[in-house]
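Assemble chain B with the ligands onto chain A, guided by the hints.
Listed here are the chains, written in short residue letters.
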Amino acid sequence: MVSEVQKNNNAILRVERLSMKFGGLIAINDLNFEAKRGAITALIGPNGAGKTTVFNCITGFYKPTEGMLTMTRQNGEEYLLERMADFVITKKAKVARTFQNIRLFSGLTVLENLLVAQHNPLMLSSGYTILGLLGFPTYKKAAADAIEKARFWLEKINLVDRADDPAGDLPYGAQRRLEIARAMCTEPELLCLDEPAAGLNARESAELNKLLLDIRDETGTSILLIEHDMSVVMEISDHVVVLEYGTKISDGTPDSVKNDPKVIAAYLGVEDEEIVEMLEQAEAAGVDDLTAAVDLMSSEAIHELEETHPDAAAVSLVTTGPARPAKPAAAKKQSVAKLARTTASTATGTSEAKPAAKKTPVKAAPAKAEPAKPVATRPAAPKKAAPAAAAPAAAKKPAPKAPAKAAASASQIKAGATANALAAPRGGKADRLIDIKGIGPVNERKLNEHGIFHFDQIASWKKADVIAAEAYLAFDGRIAREDWIGQAKAMAKASQKKPAPKKSGGAE
Amino acid sequence: MADVQTSNPESNFAKAVKEGLVAAALALGLFLLIVGFRTDQNIRNELVLNQRWGLLAIFVLVAGIGRFLLTAYVTPWNAARALSKRTVAAKEAKEQSAFRKSFPKIGLALLFVYPFLVIGTLALYNGSMMGGLQGSLKYVDNFGIQILIYVMLAWGLNIVIGLAGLLDLGYVAFYAVGAYSYALLSSHFGLSFWLLLPMAGIFAALWGIVLGFPVLRLRGDYLAIVTLAFGEIIRLVLINWTVVTKGTFGISGIAKATLFGIPFTPGPGGFANLLGLPNSGVYYKIFLYYLILLLALLTAWVTIRLRRMPIGRAWEALREDEIACRSLGINTTTTKLTAFATGAMFGGFAGSFFAARQGFVSPESFVFLESAIILAIVVLGGMGSLVGIAIAAAVMIGGTELLRELEFLKHIFGNDFTPELYRMLLFGLAMIVVMVWKPRGFVGNREPSAFLHKRKLVSSEFTKEGHG
Ligand SMILES: Nc1ncnc2c1ncn2[C@@H]1O[C@H](COP(=O)(O)OP(=O)(O)OP(=O)(O)O)[C@@H](O)[C@H]1O
Ligand SMILES: [Mg+2]
Numbered sequence: 237m238v239s240e241v242q243k244n245n246n247a248i249l250r251v252e253r254l255s256m257k258f259g260g261l262i263a264i265n266d267l268n269f270e271a272k273r274g275a276i277t278a279l280i281g282p283n284g285a286g287k288t289t290v291f292n293c294i295t296g297f298y299k300p301t302e303g304m305l306t307m308t309r310q311n312g313e314e315y316l317l318e319r320m321a322d323f324v325i326t327k328k329a330k331v332a333r334t335f336q337n338i339r340l341f342s343g344l345t346v347l348e349n350l351l352v353a354q355h356n357p358l359m360l361s362s363g364y365t366i367l368g369l370l371g372f373p374t375y376k377k378a379a380a381d382a383i384e385k386a387r388f389w390l391e392k393i394n395l396v397d398r399a400d401d402p403a404g405d406l407p408y409g410a411q412r413r414l415e416i417a418r419a420m421c422t423e424p425e426l427l428c429l430d431e432p433a434a435g436l437n438a439r440e441s442a443e444l445n446k447l448l449l450d451i452r453d454e455t456g457t458s459i460l461l462i463e464h465d466m467s468v469v470m471e472i473s474d475h476v477v478v479l480e481y482g483t484k485i486s487d488g489t490p491d492s493v494k495n496d497p498k499v500i501a502a503y504l505g506v507e508d509e510e511i512v513e514m515l516e517q518a519e520a521a522g523v524d525d526l527t528a529a530v531d532l533m534s535s536e537a538i539h540e541l542e543e544t545h546p547d548a549a550a551v552s553l554v555t556t557g558p559a560r561p562a563k564p565a566a567a568k569k570q571s572v573a574k575l576a577r578t579t580a581s582t583a584t585g586t587s588e589a590k591p592a593a594k595k596t597p598v599k600a601a602p603a604k605a606e607p608a609k610p611v612a613t614r615p616a617a618p619k620k621a622a623p624a625a626a627a628p629a630a631a632k633k634p635a636p637k638a639p640a641k642a643a644a645s646a647s648q649i650k651a652g653a654t655a656n657a658l659a660a661p662r663g664g665k666a667d668r669l670i671d672i673k674g675i676g677p678v679n680e681r682k683l684n685e686h687g688i689f690h691f692d693q694i695a696s697w698k699k700a701d702v703i704a705a706e707a708y709l710a711f712d713g714r715i716a717r718e719d720w721i722g723q724a725k726a727m728a729k730a731s732q733k734k735p736a737p738k739k740s741g742g743a744e
Numbered sequence: 002m003a004d005v006q007t008s009n010p011e012s013n014f015a016k017a018v019k020e021g022l023v024a025a026a027l028a029l030g031l032f033l034l035i036v037g038f039r040t041d042q043n044i045r046n047e048l049v050l051n052q053r054w055g056l057l058a059i060f061v062l063v064a065g066i067g068r069f070l071l072t073a074y075v076t077p078w079n080a081a082r083a084l085s086k087r088t089v090a091a092k093e094a095k096e097q098s099a100f101r102k103s104f105p106k107i108g109l110a111l112l113f114v115y116p117f118l119v120i121g122t123l124a125l126y127n128g129s130m131m132g133g134l135q136g137s138l139k140y141v142d143n144f145g146i147q148i149l150i151y152v153m154l155a156w157g158l159n160i161v162i163g164l165a166g167l168l169d170l171g172y173v174a175f176y177a178v179g180a181y182s183y184a185l186l187s188s189h190f191g192l193s194f195w196l197l198l199p200m201a202g203i204f205a206a207l208w209g210i211v212l213g214f215p216v217l218r219l220r221g222d223y224l225a226i227v228t229l230a231f232g233e234i235i236r237l238v239l240i241n242w243t244v245v246t247k248g249t250f251g252i253s254g255i256a257k258a259t260l261f262g263i264p265f266t267p268g269p270g271g272f273a274n275l276l277g278l279p280n281s282g283v284y285y286k287i288f289l290y291y292l293i294l295l296l297a298l299l300t301a302w303v304t305i306r307l308r309r310m311p312i313g314r315a316w317e318a319l320r321e322d323e324i325a326c327r328s329l330g331i332n333t334t335t336t337k338l339t340a341f342a343t344g345a346m347f348g349g350f351a352g353s354f355f356a357a358r359q360g361f362v363s364p365e366s367f368v369f370l371e372s373a374i375i376l377a378i379v380v381l382g383g384m385g386s387l388v389g390i391a392i393a394a395a396v397m398i399g400g401t402e403l404l405r406e407l408e409f410l411k412h413i414f415g416n417d418f419t420p421e422l423y424r425m426l427l428f429g430l431a432m433i434v435v436m437v438w439k440p441r442g443f444v445g446n447r448e449p450s451a452f453l454h455k456r457k458l459v460s461s462e463f464t465k466e467g468h469g
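Keeping their order, the protein sequence lines are chains A and B.
FYI, the numbering for the first sequence is 237 to 744, going by my numbering.
FYI, the numbering for the second sequence is 2 to 469, going by my numbering.
This is chain A alone, in the form it adopts within the complex (with noise of 0.2 Å):
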């Protein structure tokens, strides 16, 4: 950890001895660190840590309740932010920020957006509106610049053709592009994104982290990010800074972030949602950055929870008895137990699952593809009580079901599959799950190994299947946040238009 901020001409923005009170509540708490100039420097953490207050002290939208925030221009100017007001920062610090719900103008049209940026130049240029109401030329060619200077902005984030359409009417992930374009348009030589990738499909995301890369390399531009999505984190910031409580506990590389064992603590340490959802999020993002968060969360992480529940795999291996309720949280902690998987140091863990498998009645189907898929790895997933409702509704009904239909069609139907699975997909080609929002390719491959291969499937789920497949899928209460059943709805009935198999029975 660096524990003092040193002068340094390279760091655009010195956070220094940073506190944020509200009333009792210490948001931040002495927090140090600097953006390096040129650079991306991601500002993570869990959720409530207080990275969005840094970033509201930071564009002057909180007074901080104590510290210095030194904004260094390209020009040597220096400014102190915490004395200026929200909009000087813009205008003269030339920091510039976007919102973690998106904030654009949205009866303006796209265009509109990216010129009431420009507001200030346009401003001067237009004399203070006088000279431009008089009709003066020099305003008419700034006015002109300007929607050049929009355009540009407009092929970078892919939106020329809906320049003319209100920002309301904007998909979500084209907004999230526009309201960076939108403070791109300011001129910014710090841009400040609070979670850019939130709510942004694998794709979208791939393309953010262009744009990022892009805005950073060919203006020259520094950024500051919030993320939770670790793969955008990893893959493009040059320096990483953690907060946990609003304190730091990291600061660095991100290699040597994601080895810190605090920084693991913090992630793997608190609820079980908050590892399901960096899984979740990995997975979104495809295979290839699961590894990055499996990386993260490494060896130390699974000893630490070793020793902390050191019984726990003992008793897996000797009774079937406690490990059924235990189901559905043996279910989430699958991302631990997957770490253990890839993590050579802790073989054990990987060891120890296989004859915990066999003894487990829920998989008792016997074909399993791949015997070391710790789905009921129970030693690696020790701790914390099941959630008590879905506990013995997730391990009681499909279970006993599953294996008398895998047995009956003799296939690779995984156990604890939901009542409408299929050995194979009808006319041997199944459907683009992923087609479905929420759905990514891990989450398919799971689906498919379960017996689900059409839209009409998902489309035709009761409760109890929703509960069996989130306990297969290792989340809950998704698939009815995301409207898993709605869309697949309206899928199943868009391919059916289409020449497509007919449903074989099962949907209402």
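Be a bit skeptical, because a hint or two may be false.
Simulated crosslink set (DSS-like; lysine-lysine; CA at most 27 Å straight-line) [to be verified]:
hint: 1; chain 1: B; residue 1: K455; chain 2: A; residue 2: K377
hint: 2; chain 1: A; residue 1: K385; chain 2: B; residue 2: K455
hint: 3; chain 1: A; residue 1: K377; chain 2: B; residue 2: K457
hint: 4; chain 1: B; residue 1: K455; chain 2: A; residue 2: K392
hint: 5; chain 1: A; residue 1: K376; chain 2: B; residue 2: K457
hint: 6; chain 1: B; residue 1: K457; chain 2: A; residue 2: K392
hint: 7; chain 1: B; residue 1: K106; chain 2: A; residue 2: K376
hint: 8; chain 1: B; residue 1: K455; chain 2: A; residue 2: K376
hint: 9; chain 1: A; residue 1: K385; chain 2: B; residue 2: K457
None of these hints come from the bench; they were simulated from the model.
Coordinates of chain B with the ligands only, in the frame set by chain A:
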């Protein structure tokens, strides 16, 4: 949904009959005692019970048949219309835009020839030129000028509310400032209208800034309340500062405007005398008509120009999202102040015109109701839309004036019916109907201030009203 409608039209009919009967029964139960019987005193002061079966039957029938028609025809018709509307919306939009494009031009041409149109028509009708001139007075003054004053005021307020999204309930204060500026300065110092017109605008703009400062931090309801209070304060000052304003008495004998020094007075040197026309008060009215028309057009022109300036875009951006504005380096304080000042300035122009036209000002002309009417015009017209607001002003103010004329209503409702008394009632009803029918006003769509490929209207579902 669709098959429900097609498969059972007769069940719909049956349902309508049933609902109609139920409604009739309810009406019978409800009105039996209220309408069916009436107690009266006869000549000997005895209480007698009159039975009014006929009237009761009418009530019941109206309820039953009304309900039946509603269920059987109106609702399905509405649903079908909504359905077809969605499908042809795209086509319709195209046709409409062609009409919409030429509408302002046609309207403008009509406005310019309006006084002569009226005079010509009336002259033909009366058979004499003089009759035409005198008869036109009412139409030029009560309709033309009156409506145009409100058009101008509403266009001025539109800058504050429609563009910048700041809800100002005290707009009439600036109108009062303009009117009193002209009244006082012209009667005390004898300054001419043409000098005082811009000065009145500037004074009002200054007051706009004065009001703007304390309310800048306020948003929404709070801003509305403070501006409302500001309007009332100005009025109370006018009433109570009797030394200067003569209180409720008002200031009378305000100098009339002149046409570049030519006064509109009878006798030598006057306008009619110079041009060798017969003496008539109508020339002054026609002059005033063109004056307010030009003032209103100036307001429109400035608004249109401003919308394409950075400041106009900043106003609209402010209406959409103030925080985002600040994150883009826009000084929202000055932006709001300019909106207040610009809107107030046009209010001041209109005020000085009003004083010159009336020749008399008193605080009674600047009550809250005026602010409310101007606001209603802006909202009904569609915030931000000049054409919509002009239409709304014509409908609302013209409608009020028309209601004074509706003598024939007396023949229907009897002689003790005074239509003026029902003016506000009809007004309220009309406003409710319009707002239900077109929640974003007559012209809800927003025209973008710049475009790359093609100017497309922005549907009202995306624009925000602002929140303070
Ligand atoms: N204006 C405010 N008033 C009071 N508390 C606040 C305010 N803004 C933030 N907080 C608190 O400060 C803490 C940090 O919040 P912040 O929004 O910065 O988190 P974050 O790291 O951005 O989280 P997320 O990843 O969810 O966006 C939270 O506990 C939050 O409740
Ligand atoms: Mg945040």
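Verification of the supplied hints:
1. K455(B) x K377(A): holds, 20 Å
2. K385(A) x K455(B): Distance ~18 Å between K385(A) and K455(B) Cα, so the pair holds.
3. K377(A) x K457(B): The hint holds at about 23 Å.
4. K455(B) x K392(A): holds, 20 Å
5. K376(A) x K457(B): The hint holds at about 22 Å.
6. K457(B) x K392(A): At roughly 23 Å apart (the allowed maximum being 27 Å), K392(A) and K457(B) satisfy the hint.
7. K106(B) x K376(A): Answer holds: K106(B) to K376(A) is near 25 Å, not above 27 Å.
8. K455(B) x K376(A): Judged against 27 Å, a Cα distance of about 19 Å means the pair holds.
9. K385(A) x K457(B): Holds - the C-alpha atoms of K457(B) and K385(A) are around 21 Å apart, at most 27 Å.
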